[in-house]
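Chain A is already provided as a structure; the job is to place chain B on it using the hints.
2 protein chains.
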Amino acid sequence: MRIEGTSEIETNMTEAAHKDPLVLFMPSGKRGRFPVGTPVLDAARSLGVYVESVCGGRATCGRCQIEVQEGNFAKHKIVSSNDHISPLGPKEQRYASVRELPDGRRLSCSAQILGDLVIDVPQDTVINAQVVRKAASDRVIERNAAVQLCYVEVDEPDMHKPLGDLDRLKVMLEKDWGWKDLLIAPHLIPQVQGILRKGNWAVTAAIHRDMDSSRPFIVGLWPGLKNEAYGIACDIGSTTIAMHLVSLLSGRIVGSSGTSNPQIRFGEDLMSRVSYVMMNPDGREAMTKAVREAVNSLIGKVCAEGEVDRHDILDMVFVGNPIMHHLFLGIDPTELGQAPFALAVSGALQYWAHEIDIDVNRGARLYMLPCIAGHVGADAAGATLSEGPYRQDKMMLLVDVGTNAEIVLGNKDRVVAASSPTGPAFEGAEISSGQRAAPGAIERVRIDPETLEPRFRVIGVEKWSDEDGFAEAAAAVGVTGICGSAIIEIVAEMYLSGIISQDGVVDGAMAAKSPRIIPNGRTFSYLLHEGQQRITVTQNDIRAIQLAKAALYAGIKLLMEKLDIDHVDTIRFAGAFGSFIDPKYAMVLGLIPDCDLEEVKAVGNAAGTGALMALLNRGHRREIEQTVSKIEKIETALESKFQEHFINAMAMPNKVDAFPKLSQVVTWPEPKVAADDGEGGGRRRRRSRE
Amino acid sequence: MRIEGTSEIETNMTEAAHKDPLVLFMPSGKRGRFPVGTPVLDAARSLGVYVESVCGGRATCGRCQIEVQEGNFAKHKIVSSNDHISPLGPKEQRYASVRELPDGRRLSCSAQILGDLVIDVPQDTVINAQVVRKAASDRVIERNAAVQLCYVEVDEPDMHKPLGDLDRLKVMLEKDWGWKDLLIAPHLIPQVQGILRKGNWAVTAAIHRDMDSSRPFIVGLWPGLKNEAYGIACDIGSTTIAMHLVSLLSGRIVGSSGTSNPQIRFGEDLMSRVSYVMMNPDGREAMTKAVREAVNSLIGKVCAEGEVDRHDILDMVFVGNPIMHHLFLGIDPTELGQAPFALAVSGALQYWAHEIDIDVNRGARLYMLPCIAGHVGADAAGATLSEGPYRQDKMMLLVDVGTNAEIVLGNKDRVVAASSPTGPAFEGAEISSGQRAAPGAIERVRIDPETLEPRFRVIGVEKWSDEDGFAEAAAAVGVTGICGSAIIEIVAEMYLSGIISQDGVVDGAMAAKSPRIIPNGRTFSYLLHEGQQRITVTQNDIRAIQLAKAALYAGIKLLMEKLDIDHVDTIRFAGAFGSFIDPKYAMVLGLIPDCDLEEVKAVGNAAGTGALMALLNRGHRREIEQTVSKIEKIETALESKFQEHFINAMAMPNKVDAFPKLSQVVTWPEPKVAADDGEGGGRRRRRSRE
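Going line by line, the protein sequences match chains A and B. Per the working numbering, the very first residue in the first sequence carries number -5; after that it's consecutive. Per the working numbering, the very first residue in the second sequence carries number -5; after that it's consecutive.
Excised from the complex, chain A in its bound form (with noise of 0.2 Å):
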């Protein structure tokens, strides 16, 4: 195979001749030695280098695309130069005519080794965008999916040889691409000669080779080469259901879009909604078929978007709360509504996707993550799959606020996980000014401490409320509203600026310093805007508030107890509800314990980048399935300390709890004396605690 060219190439050669040519693939870093005339792609199979290929060497799938990394690689002692590879082939400049090869790609399965090389597998980064409101980080999963793409050429009936077609094809299956014991998806089944005629004995299979049966299935089979193949990642939240559109052949996000859960028309909370099913006997089946039908609507979306047809998808990953996990299942979610909890099912889940009635390819399949507990559902095992707390040597809290906030805390030893009741004070829904986040609502306050005066933003207004020009810019909009996310703003900033007690009392003395403290019956409420609608901040949203945060503290506290910590090195918001607050607020309010501001991150919609992370590889399937029958649960009702955590947690920041770190960044408000004995306060949290 030794090819001659320029001088360059011979004198590398004798150099080199005591010693098979070197090569190093990156970004993954292994490196071997090759002959001279190996292909670069069987070098990088031989070195477990990750390089798709559909057409199995044949130069027209254009999947095994690398290029060759030019200079002097000092370091690794390469010098290496697209002299050291073979020239285009016939075969590989018929792809680059027919079909393009950009400028520096080459085929790794034409191109051969013939010198020392640095060879770049390019790498697409699958999580880039963004899903309706809910922000995704960069980052790039390792692609091992569960479907691969494999063309083969059949050898034609023959009288002699009387085995089926079916047979025939599974044998070069076999053959070629070292499939054993192949299966196939029974609709497939009267279609496969009718493929094979059309194809001319050349077809493109689809293997599935994460199905729960350990054997590998054909899950599709187009006549000719098929070189592309879809996935869809989906997280059904209460709210909202999230979907990406993947192409499992290069891991690109070809679309990413939300739409409402209709089951909201049933009830806007889990609760409500199994009360739904409690009191309707179609009620199941109701919001089963209505968040299916929103599943396959939304699937059209990405699909347009993506420019797919959805028969072009083969392999789905779904992640949802345990309530909406049973409903999407077509499970009676009911026994979710009472102690113990049960879940019907825990563990990871497979279905053909037409099984659950999702219109996509026939072959699709269908997996469901494993579910933690009653109220830690495949959306926490999602997000934990997502951050990997199992993964760390720090100890990472990893929260997900909704109406249920979803705990779970622990580092690569142990890892512990816990729901607490937050209810639905976070998202708005018991705040007397709050409204969804949307245009006029406002989502960003501060209070100067001197003055107590506010300053705010509203969604779809770029300025501030105190700058020129805002009520002209705000008019279109109006102000509306608090959104959700900002209320926990509010109230922190209100705690800063002494206008509440580290009790959560509203100082009805401060109503002589500022105009903005005006008196609501028997407590006081902080005037935050005068405008076409008056909006204030009640003794009451502030209660709801501390009812709420000390739930989430309280379940923290019992996990951090459980685990013999007094601190946590990392912490992790996930959801929506974390995209949007300032963890500074938050840990201020108490709602997390004290860490460095740092290591506190928003990871947006975490438990969706953990559907897509086992959708693009299969090995975060098992991974997330280990992970989770490992995970310690806490059943905080069960835990008798959870009261006195929950009463101390009731205070700014907490009651017995330092918060040292957070103490360097911020300044804390003078304590004041008077405020545990306030008639007003007293009196209301006595009735909050009723």
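FYI, nobody ran anything at the bench for these hints, they're computed from the structure. Wrong hints could be hidden among the right ones.
Pairs involving identical chains hold if they fit within one copy or between any two copies, as the list cannot separate such chains.
What the hints assert, rightly or not - Calculated cross-link-like contacts (lysine-lysine; reagent style DSSO-like; alpha-carbon spacing at most 27 Å):
{"id": "1", "residue 1": "Lys635", "residue 2": "Lys283"}
{"id": "2", "residue 1": "Lys627", "residue 2": "Lys174"}
{"id": "3", "residue 1": "Lys649", "residue 2": "Lys624"}
{"id": "4", "residue 1": "Lys155", "residue 2": "Lys635"}
From a predicted model like this one, the values you see are computed outputs, not experimental measurements.
This is chain B only, laid out in the frame that chain A set:
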């Protein structure tokens, strides 16, 4: 556990004190020593003796009954007595009072070994029924059904251990029954919680352990103890669909029935059905629907006969010729109508029964035996499994005669198979006076070689035609035609009586001897009966039979040559045709090679028997899959010697092959020197070869 009893026991115990009791199980003959107090069921299991049990040793299902054989079994050195088994305990007494325990029977889960025992495990003879015109031989199939019923008591949900209900069910199925890595049929997932609660946490799961995945599957779930499960074995023939309904627990056939294949309305024979598909856009779909509906209604019929709820059917095994196989599974059979006769799939297949519209339990599975070749189908595989040439030391010829004859030949060393296009003559279709087997049809014939006078029997009449009272008895039904199988006998008798020559020509010279030889254009016919109908056998009829038998023999001969043998040791005639012809006449005509007549047996619907074997013992599935993969298939159309064998086989019984064994029991006619020169014969033969 030593229980003091009569002095006899004490004596025995003393004598055997140095050794554990010896227990022999019959009919398996397996034996072993077990400590006093060992439950008999445990002893059986440890020896691999098959004893059914659903309740898992709770003495409630009654499936594990055994019987102690009393007496001195000198050969085995065992004195066995009911005193050597523990007396009825409270559980067993409760079972006996509630359910009934036949005299002498014990529940092996409760009965403990106290001394030496000979224990009889009652075997139900499973193949004991006649299936519509198809005889089945009595035999015992060792039971190892794919479906097992397992009763378990599941832990109630516990908030400290939030495993799902299904997951806890799996834990218990592993703990009590050893099932690892259980999967579950998707339709059961939403039902698990309700069933567990209805059964007060005691349920019976049906485990299918022969899914095409290697993992066991929960395919059924019932509250409390479920003590019965059924299976279906079905042979889809071109003309008749035959079915057995069997208890998977006892192996007993509880219903057997048959029905016409409704596809007959689309075409009488296989090729006309393929043509129908080719000519009609919805033809395949219509025929698939027709056969599935017929199967569903036949299931209703056998269930009514057995008083079984069709939803208690959990497993099914089907066989059929390649075209029936394809149409039943919804596969277009067009390719089977033309060379190279490509099967869509030849390997065994598994489905959920509902996937092919079979209405039984939603969790029922359907197993289809593999096909051997384009014209040697799953029915031939079933017959091969039933008769087992591959299990024989002797060389066995297995023939299933229909429109196509399926031929399997071999022994434990090597098996070959072929099909031969016999055409419909054997079914009476090309015979001038041919008719279906129905009252009035001639079914037996003898011709006096001296007088050339015939005597015969007709279906529906006891007497032979030459017996007194025949005319009166036959008056009711008439003498209306010749049934398919009788034509063999008539032509053979015509040959033996010298009416036709070795070459099959009706000897016109015989007209001088008998008025029954009558001119018919340029040839002669034999007048069998003159009544309301005139029933003759024409030269054309004889030619049709010659062509059919020559095709069959030539196929057999090719296989014999392939194995390099000049005789076979034993012959099995499968199918309806085989059940009604006399082997002697088949051999006189030269349908089959020479063989000891004692070794020629009709085995009825061997294909259906094979299906039944695969239903009751999943080991037989692997056995036939492996066997089929090893069978060498011969395509007669491609073998150059076929023509030569065919021409030789046109003669009676054969131009070149000797029939030494047959010659010992048959008096051959004098050779007719003139026959070969007969103008009619020569002309007729040329025409029939056109």
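Results of checking the hints against the structure:
1. Lys635 with Lys283: neither (42 Å within a copy, 66 Å between copies)
2. Lys627 with Lys174: Classified as between; 24 Å across copies, 40 Å inside a copy.
3. Lys649 with Lys624: neither (33 Å within a copy, 80 Å between copies)
4. Lys155 with Lys635: Between. Shortest inter-copy distance 19 Å satisfies the 27 Å Cα cut-off; intra-copy 74 Å does not.
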